[in-house]
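Student: Chains A and B, in that order, give the protein sequences.
Residues in the first sequence are numbered from 1 upward in steps of one, following this note's numbering.
Residues in the second sequence are numbered from 1 upward in steps of one, following this note's numbering.
Careful: at least some of the hints might be erroneous.
Straight-line C-alpha distance at most 25 Å; calculated DMTMM-like pairs for lysine to aspartate or glutamate [as the list claims (entries may be wrong)]:
#1 A/K102 <-> A/D244
#2 A/K224 <-> A/D244
#3 A/K102 <-> A/E290
#4 A/K224 <-> B/E112
#5 A/K224 <-> B/E67
#6 B/K2 <-> B/E67
#7 A/K249 <-> A/E190
#8 A/K426 <-> B/E67
#9 A/K249 <-> A/E280
Residues on chain B that point at chain A, a partial pick, calculated with CB under 8 Å [what the hints assert, rightly or not]:
#10 A17
#11 P142
#12 L146
Just so you know, these hints were derived from the structure itself, not from any lab.
All residues carry an ideal CB built from backbone N, CA and C; glycine is no exception.
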Amino acid sequence: MGLPGLEYALPVFTDPLVIGLIILGTVAGVVVGALPGLSSSMAIALLLPFSLYLDPVPAISLLAALYCAGTYGGSITAILINAPGAPPAAATAFDGYPMAVKGEAGRALGIAAIASSSGGIFSVIVLLFAAPFLARIAYSFGPPEYFALAIFGLSMLASISAEAPVKNLIGGCLGLLIATVGVDLTTGVERFTFGVPELSDGIHFIPVLIGLFAVTELLSQAQKLGQEKFGVRLSAVKLPSLDDLRRVKGTILRSSVIGTFIGVLPAEGATMAAMIGYNEAKRWSDEPEEFGKGAIEGVAGPEAANNAATGGAMVPTLALGIPGSATAAVILGGLQVHGLRPGPYLFDEQPGLLYGIFFAMLLANVLFLFVGLAGAKIFSRISLVPPTLLWPTVFALCFVGAYGLEQSVIDVWVMMLAGLLGFVLKRHGFAPAPIIMGLVLGGLVESSLAQSLIIFDQQWTGFLGRPIALVFLGLASISVLWAPTRAAIGRLLPRNRRTA
Amino acid sequence: MKHQDTYVGVVLLALCAIVYWLTTGFPEVPAMLSQNVPPTFFPRLIISLVAILSVALIFNGLGKSREIRARIKPAVLITASIIVLAGVLVGLLGTLLTLGLIAIALPVAWGERRWRPLGILALGLPAAIYLIFSAALGIRFPPGLLLDWLL
Chain A
1 MGLPGLEYAL
11 PVFTDPLVIG
21 LIILGTVAGV
31 VVGALPGLSS
41 SMAIALLLPF
51 SLYLDPVPAI
61 SLLAALYCAG
71 TYGGSITAIL
81 INAPGAPPAA
91 ATAFDGYPMA
101 VKGEAGRALG
111 IAAIASSSGG
121 IFSVIVLLFA
131 APFLARIAYS
141 FGPPEYFALA
151 IFGLSMLASI
161 SAEAPVKNLI
171 GGCLGLLIAT
181 VGVDLTTGVE
191 RFTFGVPELS
201 DGIHFIPVLI
211 GLFAVTELLS
221 QAQKLGQEKF
231 GVRLSAVKLP
241 SLDDLRRVKG
251 TILRSSVIGT
261 FIGVLPAEGA
271 TMAAMIGYNE
281 AKRWSDEPEE
291 FGKGAIEGVA
301 GPEAANNAAT
311 GGAMVPTLAL
321 GIPGSATAAV
331 ILGGLQVHGL
341 RPGPYLFDEQ
351 PGLLYGIFFA
361 MLLANVLFLF
371 VGLAGAKIFS
381 RISLVPPTLL
391 WPTVFALCFV
401 GAYGLEQSVI
411 DVWVMMLAGL
421 LGFVLKRHGF
431 APAPIIMGLV
441 LGGLVESSLA
451 QSLIIFDQQW
461 TGFLGRPIAL
471 VFLGLASISV
481 LWAPTRAAIG
491 RLLPRNRRTA
Chain B
1 MKHQDTYVGV
11 VLLALCAIVY
21 WLTTGFPEVP
31 AMLSQNVPPT
41 FFPRLIISLV
51 AILSVALIFN
61 GLGKSREIRA
71 RIKPAVLITA
81 SIIVLAGVLV
91 GLLGTLLTLG
101 LIAIALPVAW
111 GERRWRPLGI
121 LALGLPAAIY
131 LIFSAALGIR
141 FPPGLLLDWL
151 L
């Protein structure tokens, strides 16, 4: 059985602009991923306004390549200076840095590149088969099913961080509330516009996400000023041996499956996939006691899983219009900005675009293996760029990115306010990703709920007659109640033990 | 001392009350036009959810002792002020001049004292932004009152 949509691969692989942008996105992704504080979500948010100057296929290919390569890039600084360039690479530092301290930095980087590339390729192949399949199922979805699916996606926010399920749900609701600003499409009534004409069309999500991701991080970096980083120098990039590859092949395959599955779940991203990938690598290892001291499987496990999550996250994003991760939410927004509505009908209307994105991701995953191996030594030096010079440049890009979309100073103020608010929220344990998810899904949730209630003649019990919607709402309830139930059981168990 | 979550929950509840009050100012729409889903319906539903979750946050905080957090450094407040100042200055000085000034002010506020890289950044950053975004992509940045007055 061949790969589906192979006929759409040729235009991608023969278009010099697309190839050039994929290479640019791959290199930029590795660089951004390698810089502590900068994430692929932030870079995509910054690039999004400028991608509007491109056709959809090259634009989304650029963003998708950046997404894939950015997840790998984080491992470079995680291994070399024990500072993960991005949260998904945090687990890689557990064993990658001890390997570097032992003089095996090249081996660790080589395994990270191979595992990341393998995980990414595996997940894109799954994406090629699963997305059209999922889209076919979604053809039968009506407004109640879409509403229930979006609620399920938002409910998963409760489980992305064990410490703050309530805060994540509040963040998601805050995003939904921001999405209500502007003219209500059903009645034409202005909501929360305060007489500002520019707000009639609503708050555009791009300035908000630039603010929440980039300006918030700029302020967080100001709080971290003066903290020194300790690292080891990379003497040589030595490819891992065949023995190394034989040793980690099972770990890579297992983590690729885990990462893809975690990525497919709405809201669950690469960070959780990497943590589970690391834990499973340790659980299956013959030498679990070596983990934390420089076990090669401890690098391969999380790296294969976090990159596999990128392809997995694109499955619900493209097939259903429900983002699989924060970065996928930004890409979903990018598709919307290009006038495309991700979902099952996109497979009929724009198959070339969708398969173009799939093959761009496939190519990016192959490319960064070579870029990562050949350029690791150079990329490791990127972390030496002084933050005093890097962050003003990032701020200038935030400014231009927010302004460039509508060429409106109001958007610049929205970006700044979102950044300041994001910093205050982050200090109190609220992550930016749930707000973005709520904001991106806001329109879908409100319109599908309104349509459902009209269909059901205002009777909420109408959902009981829709089995698919009922399943999603049931899963959403489990997802929301899981954390408090587990915590309550945890509180009860020691008491029972004491009384026994 | 109570855990910070308790106070955050109380602040959120107060915000919910304010936002709910704002929804009372929405114009009334006949039921026929709104198809029984008035413009206040969805915002109020979300506000109610946030209020419920805020109460959960308050109770969550009551069971925990206060968390010790690092104080906000002056550099954060200065950076935030520079960000806001940039928004104010852009209308007066224009985008490129403002970004040039920010390229000096922000690094200096963060302790950078090497004047050569600072000079290169202050001149190079607006120049690069002009070439890439204005000349190549055609974005028209606000010239600012100063340039308007000079021309």
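Student: For each hint, tell me whether it holds in the structure or not.
Tutor: Going down the list of hints, with the structure as the test:
1. At roughly 16 Å between alpha-carbon atoms, A/K102 and A/D244 fall within 25 Å of each other, so this suggested pair holds.
2. With a CA separation close to 38 Å, the supplied pair A/K224 and A/D244 exceeds the 25 Å bound.
3. Between A/K102 and A/E290 the CA atoms are separated by roughly 13 Å; this keeps the pair inside 25 Å, and the hint holds.
4. For the proposed pair A/K224 and B/E112, the alpha carbon gap of about 15 Å is at most 25 Å, so the pair holds.
5. This hinted pair checks out: A/K224 and B/E67 have alpha carbons roughly 19 Å apart, not beyond 25 Å.
6. The suggested pairing of B/K2 with B/E67 holds, with an alpha-carbon distance near 9 Å, which does not exceed 25 Å.
7. Under the criterion of a C-alpha separation no larger than 25 Å, the hint pairing A/K249 with A/E190 is inconsistent with the structure, at around 57 Å.
8. In summary, the hint linking A/K426 to B/E67 is supported, as the alpha carbons are separated by about 14 Å, within the 25 Å threshold.
9. As the CA atoms of A/K249 and A/E280 are separated by approximately 14 Å, the hinted pair is consistent with the 25 Å bound.
10. At about 14 Å, the closest approach between the beta carbon of B/A17 and any beta carbon in chain A exceeds 8 Å, and the interface hint on this residue is violated.
11. Annotation: B/P142 was flagged as interfacial toward chain A, and the flag holds, the nearest CB pair being 6 Å apart, inside 8 Å.
12. Against a cut-off of 8 Å between C-beta atoms, the interface hint on B/L146 is violated, since the closest Cβ of chain A lies about 15 Å away.
Going through the hint list in order, the structure does not satisfy hints 2, 7, 10 and 12.
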